[in-house]
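Visitor: Here is what each chain is made of, one letter per residue.
Number of protein chains: 2
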Amino acid sequence: MDYKFANRVQNLNPSAIREILKFTADPEVISLSAGNPAPEAFPVKDIAEISARVLAQRPFDALQYGTTEGYGPLRRRITDYMQKKHNIVREFDNILITSGAQQVVELAAKALCNPNDVVICEAPSFIGSLNSFRSLGSRLVGVPIQDDGMDINALESALKSNPNTKIIYTIPNFQNPSGITMSLEKRHMLYELARLYDVVIVEDNPYGDLRFEGEHIKAVKAFDEDGHVVYGGSFSKVLSPGIRVGYAIAHKTLLQKMTVCKQGEDVHTTMWSQIICDEYMGGCDFEAHLNDLRDIYRKKAKLMLSLIEEHLVPHGITYAPTQGGLFVWCRLPDGVDMPSFCKRAIIDYKVAVVPGNAFLVDENQPCQNFRLNFSTPTDDAMRKGVAKLGELAKEVIK
Amino acid sequence: MDYKFANRVQNLNPSAIREILKFTADPEVISLSAGNPAPEAFPVKDIAEISARVLAQRPFDALQYGTTEGYGPLRRRITDYMQKKHNIVREFDNILITSGAQQVVELAAKALCNPNDVVICEAPSFIGSLNSFRSLGSRLVGVPIQDDGMDINALESALKSNPNTKIIYTIPNFQNPSGITMSLEKRHMLYELARLYDVVIVEDNPYGDLRFEGEHIKAVKAFDEDGHVVYGGSFSKVLSPGIRVGYAIAHKTLLQKMTVCKQGEDVHTTMWSQIICDEYMGGCDFEAHLNDLRDIYRKKAKLMLSLIEEHLVPHGITYAPTQGGLFVWCRLPDGVDMPSFCKRAIIDYKVAVVPGNAFLVDENQPCQNFRLNFSTPTDDAMRKGVAKLGELAKEVIK
Numbered sequence: 001m002d003y004k005f006a007n008r009v010q011n012l013n014p015s016a017i018r019e020i021l022k023f024t025a026d027p028e029v030i031s032l033s034a035g036n037p038a039p040e041a042f043p044v045k046d047i048a049e050i051s052a053r054v055l056a057q058r059p060f061d062a063l064q065y066g067t068t069e070g071y072g073p074l075r076r077r078i079t080d081y082m083q084k085k086h087n088i089v090r091e092f093d094n095i096l097i098t099s100g101a102q103q104v105v106e107l108a109a110k111a112l113c114n115p116n117d118v119v120i121c122e123a124p125s126f127i128g129s130l131n132s133f134r135s136l137g138s139r140l141v142g143v144p145i146q147d148d149g150m151d152i153n154a155l156e157s158a159l160k161s162n163p164n165t166k167i168i169y170t171i172p173n174f175q176n177p178s179g180i181t182m183s184l185e186k187r188h189m190l191y192e193l194a195r196l197y198d199v200v201i202v203e204d205n206p207y208g209d210l211r212f213e214g215e216h217i218k219a220v221k222a223f224d225e226d227g228h229v230v231y232g233g234s235f236s237k238v239l240s241p242g243i244r245v246g247y248a249i250a251h252k253t254l255l256q257k258m259t260v261c262k263q264g265e266d267v268h269t270t271m272w273s274q275i276i277c278d279e280y281m282g283g284c285d286f287e288a289h290l291n292d293l294r295d296i297y298r299k300k301a302k303l304m305l306s307l308i309e310e311h312l313v314p315h316g317i318t319y320a321p322t323q324g325g326l327f328v329w330c331r332l333p334d335g336v337d338m339p340s341f342c343k344r345a346i347i348d349y350k351v352a353v354v355p356g357n358a359f360l361v362d363e364n365q366p367c368q369n370f371r372l373n374f375s376t377p378t379d380d381a382m383r384k385g386v387a388k389l390g391e392l393a394k395e396v397i398k
Numbered sequence: 001m002d003y004k005f006a007n008r009v010q011n012l013n014p015s016a017i018r019e020i021l022k023f024t025a026d027p028e029v030i031s032l033s034a035g036n037p038a039p040e041a042f043p044v045k046d047i048a049e050i051s052a053r054v055l056a057q058r059p060f061d062a063l064q065y066g067t068t069e070g071y072g073p074l075r076r077r078i079t080d081y082m083q084k085k086h087n088i089v090r091e092f093d094n095i096l097i098t099s100g101a102q103q104v105v106e107l108a109a110k111a112l113c114n115p116n117d118v119v120i121c122e123a124p125s126f127i128g129s130l131n132s133f134r135s136l137g138s139r140l141v142g143v144p145i146q147d148d149g150m151d152i153n154a155l156e157s158a159l160k161s162n163p164n165t166k167i168i169y170t171i172p173n174f175q176n177p178s179g180i181t182m183s184l185e186k187r188h189m190l191y192e193l194a195r196l197y198d199v200v201i202v203e204d205n206p207y208g209d210l211r212f213e214g215e216h217i218k219a220v221k222a223f224d225e226d227g228h229v230v231y232g233g234s235f236s237k238v239l240s241p242g243i244r245v246g247y248a249i250a251h252k253t254l255l256q257k258m259t260v261c262k263q264g265e266d267v268h269t270t271m272w273s274q275i276i277c278d279e280y281m282g283g284c285d286f287e288a289h290l291n292d293l294r295d296i297y298r299k300k301a302k303l304m305l306s307l308i309e310e311h312l313v314p315h316g317i318t319y320a321p322t323q324g325g326l327f328v329w330c331r332l333p334d335g336v337d338m339p340s341f342c343k344r345a346i347i348d349y350k351v352a353v354v355p356g357n358a359f360l361v362d363e364n365q366p367c368q369n370f371r372l373n374f375s376t377p378t379d380d381a382m383r384k385g386v387a388k389l390g391e392l393a394k395e396v397i398k
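In order, the protein sequence lines correspond to chains Z and F.
Under our numbering, residues 1 to 398 are what the first sequence spells out, in order.
Under our numbering, residues 1 to 398 are what the second sequence spells out, in order.
For the record, the hints were derived by calculation from the structure and aren't laboratory data.
These figures come from a predicted structure and were not determined experimentally.
Careful, some of the hints might be misleading.
Put simply, identical chains are the same to the list, so a pair is met inside one copy or across any two.
[Unchecked claim] Listed below are the simulated DSSO-like cross-link pairs for lysine-lysine, each with C-alpha atoms no more than 27 Å apart in a straight line:
#1 Lys-252 <-> Lys-4
#2 Lys-218 <-> Lys-299
#3 Lys-302 <-> Lys-388
#4 Lys-45 <-> Lys-218
Construct the complete structure from the given sequences, taking the supplied hints into account.
Guide: Spelled out as structure tokens, the structure:
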């Protein structure tokens with residue numbers, strides 16, 4: 001059968017990252033291309049205990065249908081936590097539990113964007129979200145990212161020249177793929193621009209709790225006094241990604257549409273997962289756990305950055321400031337062919353990294369960057385992997 | 001903020017069923033309006049044992065990210081099972097694990113339907129799927145359902161007059177809400193029409209294993225020799241709905257697009273849930289469990305039908321043939337106002353039923369039906385509830 005696909009998915013293909021991940025099935029390949037939390041970061045014992053208790057004492061809470069809005073106790077607990085800790089969740093807001101923060105992005109776009117409406121995103125940005133916007137027929141406009149976040153002048157130009165912009169999409173903390181964090185000043189300017197041009201900001205914050213250096217910067221949502229910001233939170237990096245729990249905090253009018261859309265997608269998020277999150281936040285020391293995570297990632301990031309300094313910087317490779325999250329964004333000197341560098345890394349040196357153009361609105365645009373991950377590989381794998389990249393750099397960068 | 005919603009969601013509102021469910025929070029109300037599996041149908045002990053074993057022996061399989069396609073062992077196990085038992089999954093097919101069968105419907109529409117493309121559905125049909133199609137901007141065309149399934153002549157007329165039809169959506173077994181099953185002859189004609197008009201059939205089969213009477217009828221997908229059928233299966237009614245696991249079996253070309261769309265929705269389905277399904281099918285006696293379920297529902301359905309015969313039929317209320325599933329579709333005599341009957345049932349008699357128009361393409365069309373559920377209420381609740389409906393019928397039907 002010759003399928004007549006919807007226009008919006010005609011050119012939608014499996015991401016370049018997935019193609020690279022195929023190579024990483026080879027046990028000889030050192031993968032610096034993943035985005036998985038460190039295995040030692042999972043509170044396995046606590047989760048097993050909670051699960052056993054729930055399935056013994058109140059199995060139907062975990063196994064029966066739930067409401068689309070999410071498990072009541074978890075909704076109340078996150079609301080309380082976010083209000084106290086982050087000054088988020090105003091009177092006009094409500095909360096929806098989602099199947100990962102990816103779904104927050106998708107539901108916001110589904111509720112707001114007609115085909116060909118514009119979504120402004122950081123360039124580079126998270127490929128999963130870009131594909132989510134694409135799958136709904138949105139037109140993506142990229143705004144370059146600087147060391148302190150989105151180029152605000154370029155953002156304003158983009159808003160001016162695209163009056164059909166519905167969403168500005170940002171990952172303000174330790175952005176994927178760049179690791180860059182948006183400054184407080186820029187967050188404020190971003191919010192003011194969203195008000196001025198009457199567009200919605202989707203603030204995707206999966207990495208915010210993983211700051212291992214520098215000062216916490218308040219969320220864009222904390223500025224929100226009129227419902228311009230949809231905040232997306234996630235348990236993937238702080239508890240477990242396999243359980244698929246995230247949440248949206250947004251104005252109740254917008255959230256109601258997102259809830260109806262979610263009902264048509266997966267009815268509700270896995271109940272067991274939601275209860276695990278609720279009981280973990282309530283019965284375990286969540287703040288101590290977050291501190292442990294920061295210790296793990298600080299140590300791993302320090303090692304990665306020292307290896308980059310040792311093996312890559314001498315060959316003219318630079319990297320973006322990294323104070324949290326899972327990634328370092330490296331840049332090859334001008335004149336070095338980035339795609340061929342990444343290809344040779346995997347084929348000749350058996351080290352997988354992600355070519356930066358995968359994260360652009362148009363993958364065919366020129367790009368000198370590649371992404372390194374420090375959360376998934378062992379220390380030993382990082383040492384070997386970056387040393388090998390250094391050998392390749394020595395070979396190709398004159 | 002005055003949100004500019006996408007056209008496709010402008011008129012999308014929480015379903016009428018949800019409004020009724022609000023009344024059922026009142027403990028005095030007897031609910032015959034739900035669609036939940038019977039609590040006694042959950043294999044709680046087995047699930048708890050599997051969960052404990054997995055979290056003790058291989059926690060990272062349950063807690064780390066997985067692939068969008070789904071957990072490999074579960075994909076292979078379902079493929080094998082469906083090939084052997086149902087002659088489904090051809091050479092050209094592939095399988096995608098989804099977050100419930102609802103997601104199969106949504107992903108198929110996302111991959112195939114441009115805004116205003118037509119989806120032909122049974123009238124009445126499952127409101128969750130109708131909302132899913134609506135949320136993507138599809139135009140719904142309803143085809144009346146008869147005691148042996150879709151009116152095939154009306155289907156052909158609909159196909160003729162809507163050349164932009166992309167999908168025919170059907171629930172062939174014990175349809176929600178009507179409980180009706182499509183005959184083998186009609187399944188064959190449906191498949192031939194889909195080939196003739198080159199449209200895709202989405203065969204949604206959550207209730208197929210819950211046949212407690214009559215002979216099994218083979219799936220529409222079992223006819224499929226060229227990729228015209230997307231089959232949606234579900235663990236919600238046979239294991240647990242709270243775990244949110246379903247699956248799509250479809251031609252690999254179509255399934256690849258659906259997979260990229262799923263990646264943008266929730267990345268992958270909860271790993272714990274997928275492992276529970278795999279280990280349950282592999283380590284427990286799945287066929288014996290299905291037989292137990294059929295015993296539970298046969299008993300409950302028999303009671304419900306005998307109560308309908310006793311309390312409702314004498315007042316001229318009729319019902320559709322019911323050989324499986326969770327629902328009985330009742331019909332008030334002409335001239336009786338159905339919406340007001342349902343409203344009085346809940347307000348004056350404290351019995352919740354679902355008014356049939358909620359399941360129509362246009363809720364404002366006339367409708368004489370209401371849906372009764374026999375899987376969720378206790379036997380005692382059914383007895384009291386239907387007796388009260390009988391009192392109301394006596395009062396209003398002259």
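Visitor: So, against the hints stated earlier in the document, which numbers end up violated here?
Guide: 4
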